[in-house]
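Participant: Guided by the hints, dock chain L onto chain F, whose structure is given.
Number of protein chains: 2
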Amino acid sequence: MRKLIIITLSLLLTVLIKVSHAQNQDSVMIRKMYTEALTNPAGYKNLEYLCTKIGGRICGTAGAREAVQYVKKLMEGMKPDTVYLQPVKVKHWERGNKEIAQIVSKKKGKKDLHVCSLGTSIGTEDGGIKAEVVEVHNFDELKTTGRKAIEGKIVFFNRAADESRINTFESYGGAVDQRARGAMQAARFGALAVIVRSATTAHDNFPHTGVQHYADTVKPIPAMCVSTNDADLLSSWLKEDPSLKLNMNMNCINLPEVLSANVIGEIRGSEHPEEVIVFGGHLDSWDIGEGAHDDGAGMIQGLEVLRIYKALGIKPKHTIRAVAFMDEEIAQRGAAAYAETAKKKGEKHIAGIEADRGGASPWGFSIDAPDPQLNKIRSWKPVFSPYNLWFFEKGGSGVDIHNLKEQGTPLIGLVTDPQRYFDYHHSGNDTFDKVNVRELELGAAAIAGLVYLIDNYGL
Amino acid sequence: MRKLIIITLSLLLTVLIKVSHAQNQDSVMIRKMYTEALTNPAGYKNLEYLCTKIGGRICGTAGAREAVQYVKKLMEGMKPDTVYLQPVKVKHWERGNKEIAQIVSKKKGKKDLHVCSLGTSIGTEDGGIKAEVVEVHNFDELKTTGRKAIEGKIVFFNRAADESRINTFESYGGAVDQRARGAMQAARFGALAVIVRSATTAHDNFPHTGVQHYADTVKPIPAMCVSTNDADLLSSWLKEDPSLKLNMNMNCINLPEVLSANVIGEIRGSEHPEEVIVFGGHLDSWDIGEGAHDDGAGMIQGLEVLRIYKALGIKPKHTIRAVAFMDEEIAQRGAAAYAETAKKKGEKHIAGIEADRGGASPWGFSIDAPDPQLNKIRSWKPVFSPYNLWFFEKGGSGVDIHNLKEQGTPLIGLVTDPQRYFDYHHSGNDTFDKVNVRELELGAAAIAGLVYLIDNYGL
Chain F
1 MRKLIIITLS LLLTVLIKVS HAQNQDSVMI RKMYTEALTN PAGYKNLEYL
51 CTKIGGRICG TAGAREAVQY VKKLMEGMKP DTVYLQPVKV KHWERGNKEI
101 AQIVSKKKGK KDLHVCSLGT SIGTEDGGIK AEVVEVHNFD ELKTTGRKAI
151 EGKIVFFNRA ADESRINTFE SYGGAVDQRA RGAMQAARFG ALAVIVRSAT
201 TAHDNFPHTG VQHYADTVKP IPAMCVSTND ADLLSSWLKE DPSLKLNMNM
251 NCINLPEVLS ANVIGEIRGS EHPEEVIVFG GHLDSWDIGE GAHDDGAGMI
301 QGLEVLRIYK ALGIKPKHTI RAVAFMDEEI AQRGAAAYAE TAKKKGEKHI
351 AGIEADRGGA SPWGFSIDAP DPQLNKIRSW KPVFSPYNLW FFEKGGSGVD
401 IHNLKEQGTP LIGLVTDPQR YFDYHHSGND TFDKVNVREL ELGAAAIAGL
451 VYLIDNYGL
Chain L
460 MRKLIIITLS LLLTVLIKVS HAQNQDSVMI RKMYTEALTN PAGYKNLEYL
510 CTKIGGRICG TAGAREAVQY VKKLMEGMKP DTVYLQPVKV KHWERGNKEI
560 AQIVSKKKGK KDLHVCSLGT SIGTEDGGIK AEVVEVHNFD ELKTTGRKAI
610 EGKIVFFNRA ADESRINTFE SYGGAVDQRA RGAMQAARFG ALAVIVRSAT
660 TAHDNFPHTG VQHYADTVKP IPAMCVSTND ADLLSSWLKE DPSLKLNMNM
710 NCINLPEVLS ANVIGEIRGS EHPEEVIVFG GHLDSWDIGE GAHDDGAGMI
760 QGLEVLRIYK ALGIKPKHTI RAVAFMDEEI AQRGAAAYAE TAKKKGEKHI
810 AGIEADRGGA SPWGFSIDAP DPQLNKIRSW KPVFSPYNLW FFEKGGSGVD
860 IHNLKEQGTP LIGLVTDPQR YFDYHHSGND TFDKVNVREL ELGAAAIAGL
910 VYLIDNYGL
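As given, the protein sequences belong to chains F and L, one line each in that order.
Using my numbering, read the first sequence as starting at 1 and increasing by one per residue.
Using my numbering, read the second sequence as starting at 460 and increasing by one per residue.
So here's chain F without its partners, still in its complex pose:
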């Protein structure tokens, strides 16, 4: 009996020492990853080039083509085992060079508003549209207002994002239906066009664009967004002069679809090359800014993971793969192409990580996985606590990896500080100077650390 106890205790001690040694090794390696990220601003410089030399890059455009080549070259420079383009057929919408909205009021005078066309919107006829404006705040109010009051007019959706929400993604989520489906809904009641308050908590002059959708069953009408300051102005002028008119003129256009690509770089696994950990963000961005936070930052953080692995000479057991997804903003065709190809090839994805919430300070991870995987990731909290990662909650990951869910892949989204994000999102304000080098690199190191732990211990 005594002997048995001694053997058991010895075994236990050996296991404990091994576990502790492994944890210590993990801590040392993750510390190295953070040091590499914080002391080598390569990713930040790459983002600078993407933003300031290439700039806006909505799918189908010249900017997107140039960005694909640039990111491919960047990945090749990191010398992973493979870099390739994955074909993606994308929509091609061009903004044109005219997007004007001018209030014409007999009582108040004329006023040009800060506006821009919404993605996939048709343009107006050459002479534009001149019509009265009906202000509504949601689709119920639209219905109550009714065809008689709406027909032949421009519908102005003016529900503000709720600033009292702590998480700005909720503020945005509570307002964005007006942008996404406003035109489709207003057209049912005979509206000529829509103008939509920008979906942001900010009060400024930047219009925030974004995709909008037409329904097959209703006639498409032009759709534009207006800055929050000018939405307030239009609303107040309407109170004083309900019969004021709005001159709208836009020459955006939908063109035939074109071939584009996801850009993929991978380091093959030494033990399980057939099992993949995928991570990344999207390469396309809206055309009116530089796509710095949305999502140059997240896409570059994916590339940084490859760079950090190579810089530290880490050989992963599983294949680790960075993907710069094309067309997140319009129809998520890159996401679809990636998941379909993976299915066709019979690839097994053991985890997917997406970074598409802006390049601010990382908080942790939002985990879309059953409890055992969730709890396994949570068990790594102590390893991340020196890096101020504290958020390990069940929740959504991101739309570019979401299609892998049907494979049963645990999906994870990098969660970053959300307060400033919607000041920039989809606007001319989303520029490189809004990204902080340390915040960007801390996010990259967080993903690298998570990839490292998943590679070592699985999920």
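Since the hints were derived computationally from the structure, they do not count as laboratory data.
As the structure is a prediction and not an experimental result, all values here were calculated from the model.
Here are the simulated distance ranges between beta carbons:
1. GLN25/F x ASP691/L: 33 to 41 Å
2. ASN375/F x GLU730/L: 43 to 51 Å
3. LYS589/L x HIS203/F: 49 to 57 Å
Derived, one-sided and incomplete: chain L residues facing chain F with beta-carbon distance under 8 Å:
4. TYR493
5. SER623
6. SER820
7. PRO845
8. ASN847
9. ASP876
All C-beta atoms in this analysis are idealised placements derived from N, C-alpha and C, irrespective of residue type, glycine included.
Facilitator: The following block gives chain L in isolation, referenced to the frame of chain F:
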């Protein structure tokens, strides 16, 4: 026995219901505080005026005088029970209009550097100083270099802040001795002047000023700081031309002390008016920026607590007091005057809260108190978790309330995201546009919530 069990259970249930009801009421009130903060940008507008209309306000200067009057007027507008000025005698140092450092190298040519004088430094003689430069990285190296190599030269302290640290306060803390005591130490070895690398992790052209101290036992010599970019440049030129010279010319000056003030506003306690919860930040700031993050933000957050209390009609049991401290940057005379007066009046401070780490997203609280108080504050974590406050650790509070420690007052510092702070700190880059309205107001609500819980439950 059965009766006893029933009575005990009933009592327990009553207590549990009361506790749960109180917790629920706390949650409701704190939610109201956050809503008031996030939907009313009063504090942000006040900070804008302070930064853009008054600007830099180092103690003793016209800016500081104007700021005292402005903050007094702001507090009065919030209609607390009392607003008053507390006299503080402060040093008066003026930067002057000349701060020049030019490299003169026979090999490399001439180059003007981005520099500024350090606070309390004496100026150079009228013609300036022209001398060779000795680069060192710490006080040990200074000693090893020795008098023979240093005498009659300018010492260039060039130890960089450690970028690999996760917390930038540690990066700063590891470099700032060169600024604070470089002149004093170099003078011991016969240096004519010092030029010090800015204590920041940023790589840019902003010189970061700050206070420096002379020793009574050594002759004061002029001290300036240089931007990190130009520190790198000077270092690389020195490698190519060790005998290059530096032309230094500054006309900063120490003038007689003047009378200034802390600005104080309080709401008297309804049950314990003699017991005080004090909170705030400092009113003075360096003169070369707008003192937006350091510490306009923290000072304004203190005022916001008063505003939120009045807006919601909350009547505190204890006296709650916002203090805008004068002279944090040079000699902390406001802090000293406040603590001395409190002692003289026999005031009992049940808690002190300071906000002086920049106006970025709040993380939680650093608590300088014995374990029972620390644990009580930690027990409130669940109430703060909807607001993403997660940091409740033992640590320092802030220099403006630190003197209350000898009274046994539990001291607390608002902890905010530190990544961007030292990009701005003490430089011309610390301007209003770097502050985000939501981040600022979330910090104000966090302090208001903590004051509310301390007022209700004590520590």
